[in-house]
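Student: Make the full structure from the sequences, and use the hints.
Each chain is listed here by its residues.
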Amino acid sequence: MTGGRASIWGSTRFRGLVYQVLVVAVVVALGGWLVHNTLVNLEVRGIATGFGFLEREAGFGISENLISYTPADSYARALTVGLLNTLVVSAIGIVLATLLGTVLGVARLSGNWLVGRLASVYVEAVRNVPLLLQLFVWYGVLTALPGARQALHPLPGLYLSNRGLVIPSLDWSQGWLPVLEIPSLVGFNFVGGLTLSPEFAALLAGLTIYTAAFIAEIVRAGILAVPKGQTEAALSLGLSPGQILRLVVLPQALRVIVPPLTSQYLNICKNSPLAIAIGYPDLVAVSNTAINQTGQAVEGVTVVMVVFLALSLALSGLMNWYNKRVALVSR
Amino acid sequence: MAAPIVELCDVNKWFGAFHVLKDITLEVAKGEKVVVCGPSGSGKSTMIRCINRLEEHQSGRIVVDGVELADDIKAIDAVRRRVGMVFQSFNLFPHLTVLENLTLAPVRVAGMAPRDAEATAMALLERVRIPEQAGKFPGQLSGGQQQRVAIARALCLKPAVMLFDEPTSALDPEMVGEVLDVMSGLAAEGMTMICVTHEMGFARAVADTMVFMDEGRIVEIAPPARFFDHPANERTKRFLGKIIGH
Ligand SMILES: Nc1ncnc2c1ncn2[C@@H]1O[C@H](COP(=O)(O)OP(=O)(O)OP(=O)(O)O)[C@@H](O)[C@H]1O
Ligand SMILES: [Mg+2]
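Chains as they are written, first to last, in the numbering used here: chain A, 16 to 346; chain B, 925 to 1170.
Keep in mind the hints are simulated off the structure, nothing from the lab.
Bear in mind the structure is a predicted one, so any value in this text is a computation, not a measurement.
Errors might be hidden in some of the hints.
Derived DEER-like restraints, expressed as beta-carbon distance ranges [stated by the list, open to error]: (1) 1059/B <-> 33/A: 50 to 60 Å; (2) 243/A <-> 985/B: 46 to 56 Å; (3) 201/A <-> 994/B: 56 to 66 Å; (4) 1066/B <-> 40/A: 54 to 64 Å; (5) 1059/B <-> 24/A: 55 to 65 Å; (6) 103/A <-> 938/B: 54 to 64 Å.
Using N, Cα and C, we set each Cβ at its ideal position, and we do this for glycine too.
Tutor: Below is the structure:
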């Protein structure tokens, strides 16, 4: 062995490089083998490959669509309908879970014993039951409701029946300002307002109620992380407890709250495919149908994975930007 | 003499089973400067925190500017508006600028117009000699500057009484002077002040009355000349010996 060779192999840089090249080679070989294997198997079974199927006619109906859709539309459009359903339920879920979670987190710290206990019981009960089970419960509750004629009417403008949840909606067609449209029951039907299907309502309720329990804990920890002196200074200035929470404590708690909140938001998105269990046509449910019809599982799953990856990255990016904005300035 | 502006009468307080304040009786006249001292754990902080109800007393009477502190939100709010407090650890709101720290209470509590509140705040920052820091965040200031901002913030509701809880103990030695200067200025303008501090030079120069506490009791109340030179109580003597000794 020459001295030169020994010194190159002795260099940690060189060794590091060799190991990295080895790792890449192994990963590429594994990936190549998987692709090859899949292609061979698909050929043997006579299944087409590529994304050409996206332009073919889907041929199946989707129960809820935000954009116009008929079975004669393409698979691409069907998947878009599914994606919009995922986005809507996730976005509304994120907003509602944040509101409910914040209220619960504050309630857990309340000086009122009963309020604090109730919030604790909520958090413990909801966090420890699998989300899938909770979805079945909400779906069961919603579909076991009476028919439209005997719809529950707990609040003005709110109807609960086995056809789903009817809520007031905004009508933008009357000019510049939207007009609040209050639904009413006429005969067997609801007139005006917005009808949410039992599937959508159950999924939204499940995601909201489940995630709110985790957000409550995050909010509570964030509030506890704000030094007591902040509250005392605010009290000594005569601010009310509500003002102190809004103006002094929560803005500072955000620094601690936002990073773990981001992962809860991602969880809402990633839990939304449980929709399939109660028949809400989200992206995963639609792509499942597409895969069953075309057999193109690899492409179908790829589409879903890419979409979820993009969604997650976009959400993380947004939250990171927000976190930088609420960071405290110091020397 | 006119009625005292702060009056504590036979005040007792317990933390659980621990009797922290024992039969505290103290009267502070308008414009009087009271300096409170005593060993650690003697209840100095607890006593002045009872005056603006950061702590609740269990028996006895506390009357501030004619309002008795009781389990009554209106009374508590009224007292808190009349009493400013400065803390050992500044407790500025780190997410607000210096100016916003000063305008928060005038706008939100007193309902002042933001423009007027800002004018008042700038005048107060002039008074504590840091108007140029108005747009900065507390985290960007030195300890001495932060404490001066905190004093300005406590003054922004035009309080009748100012409470100080060891306002210089958390400061580097070279910054103690600038804060004491501001406090002396305030005293010279006739502010009623109750101040927990171990800055004996400041006490001698500014105080009208010295209060010595030990084990939850007020052991001695005397004007500074007599307090420092001829303390009546044995415990006071020992305490002063220790404090002035170094
Ligand atoms: N919230 C509380 N719960 C229980 N005990 C407390 C509480 N606050 C203070 N104490 C106790 O009450 C006693 C008096 O405390 P206080 O802070 O009033 O003393 P102090 O005279 O200000 O002392 P220091 O010079 O150290 O600030 C101490 O023994 C302290 O441990
Ligand atoms: Mg103290």
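Student: Looking back at the hints listed earlier, which ones does the structure fail to meet?
Tutor: Hint check: 2 fails alone, others pass.
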